[in-house]
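Going line by line, the protein sequences match chains A and B. Using the numbering used here, read the first sequence as starting at 413 and increasing by one per residue. Using the numbering used here, read the second sequence as starting at 413 and increasing by one per residue.
It should be emphasised that the hints constitute simulated quantities derived from the structure, not laboratory data. Careful, some of the hints might be misleading.
Under 7 Å between C-beta atoms, here's a sample of chain A residues computed to sit facing chain B [what the hints assert, rightly or not]:
#, residue
1, Trp424
2, Ala612
3, Asn617
4, Asp724
Cβ coordinates follow ideal geometry from the N, Cα and C atoms, glycine included.
There are 2 protein chains.
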Amino acid sequence: MTIEGKSYRTVWFEDNRLCLINQPLLPHRFEIVRIGDYREAALAIRNMVVRGAPAIGATAAYAMALAVLRGEDPEEAYRVIGGARPTAQDLFYGIGRIREALAGGRDALEEADRIADEYVASSERIGEYGSSLIRDGMRINTHCNAGWLATVDWGTALAPVYKAVRQNRKVFVYADETRPRCQGSRLTAYELLQENVPHAVIADNAAGFYMSRGMIDMVIVGSDRIAANGDIANKIGTYTSALAARANGIPFYVAAPFATVDRDCPTGGDIPIEERSGEEVSHMFGISEKTGEADRVRVAPEGSECLNPAFDVTPADLITGIITERGIFSPGEIGRQLT
Amino acid sequence: MTIEGKSYRTVWFEDNRLCLINQPLLPHRFEIVRIGDYREAALAIRNMVVRGAPAIGATAAYAMALAVLRGEDPEEAYRVIGGARPTAQDLFYGIGRIREALAGGRDALEEADRIADEYVASSERIGEYGSSLIRDGMRINTHCNAGWLATVDWGTALAPVYKAVRQNRKVFVYADETRPRCQGSRLTAYELLQENVPHAVIADNAAGFYMSRGMIDMVIVGSDRIAANGDIANKIGTYTSALAARANGIPFYVAAPFATVDRDCPTGGDIPIEERSGEEVSHMFGISEKTGEADRVRVAPEGSECLNPAFDVTPADLITGIITERGIFSPGEIGRQLT
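Model the full assembly from the supplied sequences, consistent with the hints where possible.
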């Protein structure tokens, strides 16, 4: 994607360094982080300098390559990187591919580049398949950020939007702000601005309202892990969004590459759900009106516990279809496509 | 309710002034606003210095009394105060009661005091009826703030919790933070801390997750307007909460006095929904970590539109019961109770 005239991926490798767009600073500042140590890369995943399942997958693969380039123990790197976050299947996919490559005597960095390229190709295919669902004038609701910042390029849920817009269809996006970390108001809004896609940011609470008023034609979200039965884990709030879509007869699509499918996970109930710090709920990060600097404000009172599950599970029966690089499948078909 | 050892109502009249707890400053600072002019009172309602349907109703009644005390035209005051906010039925109830009193030759301030006292009595009755639903150990989810800060005293949705706790039942409250203005993390958490009720603040997105995990036994919310058919308007996000409760077989109760019922409003579709400034979504108010002062941080990028409907409608068929000062009714019975 193009940022201020220059073409970027979200994750890439350059001068023996893993390079990442520093996402917590967006939309207020565009900065690149350069990482030479796999432990730092694992920390960048944990602290969400990079996030989004496919972007995590590519980052994890490059982090493994960093360990190999530095002559460090790949099994130790596998353990450390694999412990960075529990829910996104792509993390395990990325490090698993590098471990297999090493076992097969192949080059780790070449394999990581291949994985990144495959993610780009998958995302573009997801965009093409998904855009076939988008008619001119459609109003699309999305949750969290599943655009190019969540992948290596293009995106998952947003790739169909970008493809449709390039095919000159009018699209309007309702972007859920996606509390607590506001990937919607920070990242999705930033992406849509860069691509000149008409949009509005709404509180997550407002999505059901717009659905009930007939103002949303389709919901597309990404996924962090897809179970073999077609249940999906995605950012907290996806489940209620799917319930509201069902109640209002609105198609609810999930967009993800096959790297997100976990064949060893029979159902959504088997997906581990990350609990993050309550400070993400009690505090909000942004640009201070008084100082113009990055700052956090405390909203909740001291003394109140804040709980922060980062993902929820949307059962297969609420999902209209899963948009993949191989086509659009019903959730029930996903497991059969793995063989 | 007691704040740091002193007993308060949310709204009262003293020394020819309307007194309000300044709610936007909570939980960080406790301050009383004293108002001598009805126009200022209308502005305090519009700017949500006071909010919550019953608290608005009492404030509006006192604002009318202020106009009369100052020898100003009550019809002009009726128009100005009535234009402060569109959704809460209690606003129109409060000013309507004063207009009727004036027409009957009764004293406006005495009538306003009577209205405030009636709200307190209603809230306490709601607490008693509602607490009969709460068994020891229950985990209750609530949205927005419908505690004593939203009423004159006791609350609506939280009154049953306070009553149950005083009857020595253990209760745990999951308080939705309630974006965009965070009345849950600011006000409900503050109230529950003051009353020593065990609780956790969660992102609105997480309520469905906890419901799906069997960790919520009951939902109780307030209401800003109840239509004659039992549909209710309440803070944005209530509708999706009700959908999630239904999907998980969890009872969903609405607590409100009869002053909130609008006999002239046949269905929820007839309730006007306030659109508030998008800045409530793009920015967050709190206490700066860097300066320790009240501040706002911008979260969304400049250039992105933010939309901010303040209420939504929950249809009667998603509501288990409406807890009122006269008992607990099915939504369908509410209309019949009006005659």
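TODO: Could you check if Asp724 (chain A) really has its C-beta closer than 7 Å to a C-beta on chain B?
DONE: 4 Å, holds
Open item on the list: Does Asn617 (chain A) hold up as a contact with chain B if the rule is Cβ-Cβ below 7 Å?
Closed with: 3 Å, holds
- [ ] Using Cβ atoms only, decide whether Trp424 (chain A) comes closer than 7 Å to chain B, and label the hint accordingly.
- [x] Since the shortest Cβ distance to chain B is 24 Å, the answer is violated.
Open item on the list: Let's test the interface hint: is any C-beta of chain B closer than 7 Å to that of Ala612 (chain A)?
Closed with: 5 Å, holds
Violated hint for the displayed structure: number 1, the only one.
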